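> The task is simple: from the sequences and hints, build the whole structure.
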Amino acid sequence: MSPLKVLNSDSTAVPVVCWSCAVAHNESTLFCTACSKVQPPPGVDYFQVFNLPRHLQIDLASLEQEFHKLSRKLHPDRFARATEAEREFSLADTALINDAYRTLRDPVRRTEYLLKLEGEEIGEEHAGHNTGNAERTSRVPADLLEEVFELNMQLDELREGDQKDPALLSEVGAAGEKFSGMLNELDGNLQHQWALWDDGDAATRTAAQKQMVALLDRRR
Amino acid sequence: MAYSEKVIEHYNNPRNVGQLDKSSTEVGTGLVGAPECGDVMRLQIRVNPETQIIEEAKFKTFGCGSAIASSSLATEWVKGKTVEQALEIKNTEIVKELALPPVKIHCSVLAEDAIRAAIGDWKKKNNVAETAEAVAH
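Residue numbers (the working numbering), protein chains in the order written: chain F, 65 to 284; chain D, 2 to 138.
No lab work stands behind these hints: they were computed from the structure. Careful, some of the hints might be misleading.
Below, in silico cross-link-like pairs of lysine to aspartate or glutamate (DMTMM-like), each with a Cα-Cα straight-line distance of 25 Å or less [unchecked claim]:
{"hint": "1", "chain 1": "D", "residue 1": "Lys23", "chain 2": "D", "residue 2": "Glu89"}
{"hint": "2", "chain 1": "F", "residue 1": "Lys180", "chain 2": "F", "residue 2": "Asp163"}
{"hint": "3", "chain 1": "D", "residue 1": "Lys23", "chain 2": "F", "residue 2": "Glu210"}
{"hint": "4", "chain 1": "F", "residue 1": "Lys180", "chain 2": "F", "residue 2": "Asp263"}
{"hint": "5", "chain 1": "D", "residue 1": "Lys59", "chain 2": "F", "residue 2": "Asp207"}
{"hint": "6", "chain 1": "D", "residue 1": "Lys124", "chain 2": "F", "residue 2": "Glu210"}
{"hint": "7", "chain 1": "F", "residue 1": "Lys242", "chain 2": "F", "residue 2": "Glu210"}
{"hint": "8", "chain 1": "D", "residue 1": "Lys59", "chain 2": "F", "residue 2": "Asp220"}
{"hint": "9", "chain 1": "D", "residue 1": "Lys125", "chain 2": "D", "residue 2": "Glu57"}
{"hint": "10", "chain 1": "D", "residue 1": "Lys59", "chain 2": "F", "residue 2": "Glu221"}
{"hint": "11", "chain 1": "F", "residue 1": "Lys242", "chain 2": "D", "residue 2": "Glu37"}
{"hint": "12", "chain 1": "D", "residue 1": "Lys23", "chain 2": "F", "residue 2": "Asp207"}
{"hint": "13", "chain 1": "F", "residue 1": "Lys180", "chain 2": "F", "residue 2": "Glu128"}
{"hint": "14", "chain 1": "D", "residue 1": "Lys125", "chain 2": "F", "residue 2": "Glu221"}
{"hint": "15", "chain 1": "D", "residue 1": "Lys125", "chain 2": "F", "residue 2": "Asp207"}
{"hint": "16", "chain 1": "D", "residue 1": "Lys126", "chain 2": "F", "residue 2": "Glu214"}
{"hint": "17", "chain 1": "D", "residue 1": "Lys126", "chain 2": "F", "residue 2": "Asp207"}
{"hint": "18", "chain 1": "D", "residue 1": "Lys125", "chain 2": "F", "residue 2": "Glu214"}
{"hint": "19", "chain 1": "D", "residue 1": "Lys125", "chain 2": "F", "residue 2": "Glu211"}
{"hint": "20", "chain 1": "D", "residue 1": "Lys82", "chain 2": "D", "residue 2": "Glu94"}
{"hint": "21", "chain 1": "D", "residue 1": "Lys23", "chain 2": "F", "residue 2": "Glu235"}
{"hint": "22", "chain 1": "D", "residue 1": "Lys23", "chain 2": "F", "residue 2": "Glu211"}
{"hint": "23", "chain 1": "D", "residue 1": "Lys59", "chain 2": "F", "residue 2": "Glu214"}
{"hint": "24", "chain 1": "D", "residue 1": "Lys23", "chain 2": "F", "residue 2": "Glu214"}
{"hint": "25", "chain 1": "D", "residue 1": "Lys59", "chain 2": "D", "residue 2": "Glu98"}
{"hint": "26", "chain 1": "F", "residue 1": "Lys180", "chain 2": "D", "residue 2": "Glu37"}
{"hint": "27", "chain 1": "D", "residue 1": "Lys124", "chain 2": "D", "residue 2": "Glu85"}
{"hint": "28", "chain 1": "D", "residue 1": "Lys59", "chain 2": "F", "residue 2": "Glu128"}
{"hint": "29", "chain 1": "F", "residue 1": "Lys274", "chain 2": "D", "residue 2": "Glu37"}
{"hint": "30", "chain 1": "F", "residue 1": "Lys242", "chain 2": "F", "residue 2": "Asp220"}
{"hint": "31", "chain 1": "D", "residue 1": "Lys23", "chain 2": "F", "residue 2": "Glu221"}
{"hint": "32", "chain 1": "D", "residue 1": "Lys59", "chain 2": "F", "residue 2": "Glu224"}
{"hint": "33", "chain 1": "D", "residue 1": "Lys124", "chain 2": "F", "residue 2": "Asp207"}
{"hint": "34", "chain 1": "D", "residue 1": "Lys126", "chain 2": "F", "residue 2": "Glu211"}
{"hint": "35", "chain 1": "D", "residue 1": "Lys126", "chain 2": "F", "residue 2": "Glu210"}
{"hint": "36", "chain 1": "D", "residue 1": "Lys23", "chain 2": "F", "residue 2": "Asp220"}
{"hint": "37", "chain 1": "F", "residue 1": "Lys242", "chain 2": "F", "residue 2": "Glu221"}
{"hint": "38", "chain 1": "D", "residue 1": "Lys125", "chain 2": "D", "residue 2": "Glu37"}
{"hint": "39", "chain 1": "D", "residue 1": "Lys59", "chain 2": "F", "residue 2": "Glu211"}
Because the structure is a prediction, the values reported are computed rather than measured.
Printed below as a string of structure tokens:
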């Protein structure tokens, strides 16, 4: 992920002058609004790249459309006869929109990114890297390890055997359903917090933010 | 980055795959896992009660080539060592031997953890006090 320190959430209002025609334009634009020339990567966050409000519930279809539209406009073929500087700008802009798109379309990465923009620390950043090996391993509950190991053994057995043992099949199937259920529950919980964060007042927002940090921290 | 030849060799011909009788007092079992990648590793040792020498070691790992190679190498290295000598094995030595790239270092950490866990289990079974060295880790 690109360093967040270059990002400035208040920068949309700051006018930037086009390198080509000298007309001031909104900083988040990749192309000058006056002369349409490609601009160097703006120092804005991923939401601003796609002119989206900083929300967790986003319209993925229109995000994809916008990404494709910008990708086409930045395609190297369009800059084959452009100046060296313009070619560089278009490449750097492409890298930016690729990173932005990959981050925003993924529900967990989007949440993590927004929380970091809001100043939260997630996972290892506040758990600390310097804990001893034994301590780190012991964070995985022993019964979960047993369960995962046993499931892997059963899956191996199913893969190798010609005759599928129906009892084993149903056992593994049930485990699969159990894990999907847990995943769905987590997804539901996360989406509930998204709505609270997007639409809530300051207090609701703070509470939702804490909940989401806790949810994401459970991955470690 | 491609796997080193040593990793591929261990992956194709893993040493000491299998299991030992978990209930035996001479056997220590270590089960460890990395939640980041989903790898799980079981490493078992059988210790001679007279000499405290690890006479047999078995492993079973579900994970990537580097995790399998790391645990395979770990079983080779602990065999013939005393319990205390085996505790000296560092993950950095595994990294060096297998030429693991930075993104696979956690596999070697997992193997070291598995050795420690197996020895810890054996010590618990046999009422051997944890050494200061082991506790510090």
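> Hint by hint, note whether the structure agrees.
Here is how each hint holds up against the structure:
1. Taken as a hint, the D/Lys23 and D/Glu89 pair is honoured in the structure, with Cα atoms around 24 Å apart against an allowance of 25 Å.
2. Taking the CA atoms of F/Lys180 and F/Asp163, the gap is about 16 Å. The hint holds against a cut of 25 Å.
3. A distance of roughly 13 Å separates the Cα atoms of D/Lys23 and F/Glu210; the hinted pair therefore holds under the 25 Å criterion.
4. The suggested pairing of F/Lys180 with F/Asp263 holds, with an alpha-carbon distance near 19 Å, which does not exceed 25 Å.
5. Simply put, D/Lys59 and F/Asp207 have alpha-carbon atoms about 21 Å apart, close enough for the 25 Å limit, and the pair holds.
6. Taking the CA atoms of D/Lys124 and F/Glu210, the gap is near 20 Å; set against the 25 Å cutoff, the hint holds.
7. Among the hinted pairs, F/Lys242 with F/Glu210 is consistent with the structure: their alpha-carbon atoms are about 16 Å apart, no more than 25 Å.
8. Distance check on the hinted pair: D/Lys59 and F/Asp220 sit about 18 Å apart at the alpha-carbon level, within 25 Å; holds.
9. For a cut-off of 25 Å, the pair hint linking D/Lys125 to D/Glu57 stands: about 19 Å separates their Cα positions.
10. For the hint pairing D/Lys59 with F/Glu221, the CA-to-CA distance comes to about 19 Å; that is within 25 Å, so the pair holds.
11. Proposed proximity of F/Lys242 and D/Glu37 is supported: the alpha carbons are some 20 Å apart, at most 25 Å.
12. For the given pair, D/Lys23 sits about 16 Å from F/Asp207 by alpha-carbon distance, which is consistent with the 25 Å threshold.
13. This hinted pair checks out: F/Lys180 and F/Glu128 have alpha carbons roughly 23 Å apart, not beyond 25 Å.
14. The suggested pairing of D/Lys125 with F/Glu221 is violated, with an alpha-carbon distance near 32 Å, which exceeds 25 Å.
15. With a CA separation close to 18 Å, the supplied pair D/Lys125 and F/Asp207 stays within the 25 Å bound.
16. Simply put, D/Lys126 and F/Glu214 have alpha-carbon atoms about 23 Å apart, close enough for the 25 Å limit, and the pair holds.
17. Pair hint D/Lys126 plus F/Asp207 holds up; C-alpha atoms about 19 Å apart against a cutoff of 25 Å.
18. Pair hint D/Lys125 plus F/Glu214 holds up; C-alpha atoms about 23 Å apart against a cutoff of 25 Å.
19. Taking the CA atoms of D/Lys125 and F/Glu211, the gap is about 22 Å. The hint holds against a cut of 25 Å.
20. The suggested pairing of D/Lys82 with D/Glu94 holds, with an alpha-carbon distance near 16 Å, which does not exceed 25 Å.
21. Straight-line distance between C-alpha atoms of D/Lys23 and F/Glu235 comes to about 24 Å, which keeps the hinted pair within the 25 Å bound.
22. Taking the CA atoms of D/Lys23 and F/Glu211, the gap is near 16 Å; set against the 25 Å cutoff, the hint holds.
23. With a CA separation close to 17 Å, the supplied pair D/Lys59 and F/Glu214 stays within the 25 Å bound.
24. Simply put, D/Lys23 and F/Glu214 have alpha-carbon atoms about 14 Å apart, close enough for the 25 Å limit, and the pair holds.
25. For a cut-off of 25 Å, the pair hint linking D/Lys59 to D/Glu98 stands: about 20 Å separates their Cα positions.
26. Between the alpha carbons of F/Lys180 and D/Glu37 the distance comes to roughly 20 Å, so the proposed pair stays at or under 25 Å and holds.
27. Using a Cα cut-off of 25 Å, the hinted pair D/Lys124 and D/Glu85 holds, with the two alpha carbons roughly 11 Å apart.
28. A threshold of 25 Å between alpha carbons decides the hint, and for D/Lys59 with F/Glu128 the separation of about 50 Å lies outside it, so the pair is violated.
29. For a cut-off of 25 Å, the pair hint linking F/Lys274 to D/Glu37 stands: about 22 Å separates their Cα positions.
30. This hinted pair checks out: F/Lys242 and F/Asp220 have alpha carbons roughly 19 Å apart, not beyond 25 Å.
31. Proposed proximity of D/Lys23 and F/Glu221 is supported: the alpha carbons are some 20 Å apart, at most 25 Å.
32. Restraint check for D/Lys59 and F/Glu224: the C-alpha separation of about 21 Å stays at or below 25 Å, so the hint holds.
33. Between D/Lys124 and F/Asp207 the CA atoms are separated by roughly 20 Å; this keeps the pair inside 25 Å, and the hint holds.
34. Under the criterion of a C-alpha separation no larger than 25 Å, the hint pairing D/Lys126 with F/Glu211 is consistent with the structure, at around 22 Å.
35. Of the supplied pair hints, the one linking D/Lys126 and F/Glu210 holds, its CA atoms being roughly 19 Å apart against a limit of 25 Å.
36. Of the pairs offered as hints, the one joining D/Lys23 and F/Asp220 holds, with about 20 Å between alpha carbons and a cut-off of 25 Å not exceeded.
37. Only pairs whose Cα atoms come within 25 Å are accepted, and F/Lys242 paired with F/Glu221 is accepted, the gap being roughly 20 Å.
38. Annotation: proposed proximity of D/Lys125 to D/Glu37 is violated, straight-line Cα distance about 28 Å (limit 25 Å).
39. Simply put, D/Lys59 and F/Glu211 have alpha-carbon atoms about 20 Å apart, close enough for the 25 Å limit, and the pair holds.
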